[in-house]
Amino acid sequence: MYILTNALKNLARNKGRNILVGLVLFAIIAATVVGFVINNTASAVIDDFRTRFGSQVSITPDMEVARARYGDLAYLPRAIIPPDQALAFAESRYLRGHIMTALKSVGSDYLHAVGEAGFTPGYRISGLGMEGDDPVISRFRVMGNMWYEFETGERLLLEGQMPQAVGEAMISHELAELNDLSVGDEIMMLHAAFMPEMGAMYLRNVPITYTVSGIYLDMTEIGGGFPAPLNHRRNEMLTAIDTMTNPIGDGVRAFLIISATYYLRDPAYLPYFEAEIREKGLADTFRVSADEASFRAIVEPVEGLRSVFITFVIIVLALGSIILVLLSWIAIRERKYEIGVLRAMGMKKGKVVKGLLYEMGALTVICLALGLVAGTAASQPVADNLLRQQVEIAGRTTPSGPQAAGLLHGMLPLPEDAPEPLSEISVHLGAPVMVQIATVSVLLAFVASAVGIVNITRYEPIKILVERN
Amino acid sequence: MMSVLTLNNVTYSYEGTNVYVLDSVSASFEAGKVYAIIGRSGAGKSTLLSLIAGLDVSTKGEILYNGTDLKEIDRDEYRAKGIGVIFQSYNLLTNATAIENIVLSMNISESEVTNKKQFAYDLLQKIGIDKTTADRKILKLSGGEQQRVGIARALSHKPDIIIADEPTGNLDTDTENDILKILISLAHDEGKCVIIVTHSKEVASIADEILAMTDGNFESTKTMD
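So the sequence lines, in the order shown, correspond to chains S and R. The opening residue of the first sequence carries number -9 in the working numbering; numbering runs sequentially from there. The opening residue of the second sequence carries number 226 in the working numbering; numbering runs sequentially from there.
Bound-form chain S, shown alone (with noise of 0.2 Å):
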């Protein structure tokens, strides 16, 4: 006990270089602390992202591969995923969701489309070499589950609700001006379908009627040209999916294109997900693949900052050992003297040597007790501004826009299909963290100790003693 009170009392007895040693031990708590606190949770938002976004899965067709394939003409069809296969696909137990939207253009024999200029409605296409009835000009657009307009305020409901029963469709509010609609009316829209029975390259205009349930307000400008009919927002029909891939007679569905994304429950399913959807008819010209793009945009920017400050702490760490074992072998061989009575005085070398690292403990308590204060203090700014600097960098490198598989469906991804790069990260000091940081500093102030500490009990007390007087 009399080792532990004296050593305390040489803390403040020997304070001019207790605070230098104690100064650099603060300096690398403190870095250690910014260090740790930041790597641990960069690692943390790693891991939470990999669940995240590193499970959703991309499923893409190979166009060279279809166009060689089936030919100039026949591909297209086979580069979509049909229908039936999009929703067997989400319906797998390797999954934890899905969101899935679909689309399909269809033309009228007598409404006006918005944005058309003498036009005749009905107008159909003739001399493409199909069987079957000459395909109808498509100027409007039917889509699936498309909702989340609503949500960003880029569509208001002006009248009416959203579809509720299969068979319902909003329109437009122009588009119910031009051809004077209402809530409550049935209007009938010509869809093309391919009738595989009748051969592969037999079409039919399939007639579908719609109920208006609804008129919503498209908020976005026009913009600076005129769009064509089909790509005018305010020609499209928002209904419930499940309109969509209704049977249109006869077990044909509609001409439809759906964008699915799928989303795994843990991203090394991948391979069983694969070997499922492929057995559910998934063509070979598809690639089926996770979503690495996003996940490294939002990832690369921590993982930089983890690198960066993996490398800060090894830096601080090597440097600070080597200060502070000169430091404290300077501090120690200063005090030889001062072990050379004691042991003169009958203290053994142990007891020597146990008040020396009480010492040197007792300072790397109270050194650590700041450091983690003003490390973890220091952390969130230091953070916020690496991690800024990293997403400028990984913006310039990192590609941006729709995925492929928007593009190639023609459609912008919804807005869950693109996370925003983290741009900030909320760093704590967890239980773990703490035990991490003691350990290392405990260590640190124990080789710094026990360098000097070797090198000074090595000798008798008598030489120190005769060295002196």
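These aren't lab readings, by the way, just hints derived from the structure by calculation. Just so you know, these numbers come straight off a predicted model, no measurement behind them. Cβ atoms here follow ideal geometry from the backbone N, Cα and C, with glycine treated the same way. Only true hints are included.
From the derived model, a few chain S residues whose C-beta atoms are all more than 10 Å from chain R:
id, residue
1, Ser48
2, Arg114
3, Arg255
Going by beta-carbon spacing under 8 Å, a handful of chain S positions derived as facing chain R:
id, residue
4, Tyr(-8)
5, Arg3
6, Glu328
7, Met337
Starting from the known structure of chain S, fit chain R onto it as the hints suggest.
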């Protein structure tokens, strides 16, 4: 009277040399007596002191403490409990107070005194150091005061033998007399074996026995009346 310390053919040479600093020294020291070891510089006095104090080990021969060879006992424990050393240059912990020096010495010797601090104050008071001075750091004390603290430290663990190396070497005459009186009292009144290593004939004159050293051995022994 039984001797507390016996030297039997104690020989000492520096490691790796054939130069003998002490050459077959033999002597016997009893409790209750003051001994003075005198001799010129280089005669071997300080080396002998180191061996008696358990700070070094003889090359040959034996030093018996209460009949047991020092080589067979724990020298740290011997220094802590068996002997009190008063150094010419005091060898105190300079950044600690006088009282802290004494209490620490008692702690090292595992003294069974209940109130060590009060015991230390009383001891210092007896040696001529008041409480205010006792609470000062060693560096703030005069040479005489430091030597008194050194004596108090040597006595704090109640050793059988007190060995003093030029205890008055750095002191003025008045202080020297005070210190010598204390040492005589320790031997004659408290039954300690006091061994003083000195150059000074005046200091040696207070001893019960004087042992003169020349070239690493006792030249003569003189018993004083």
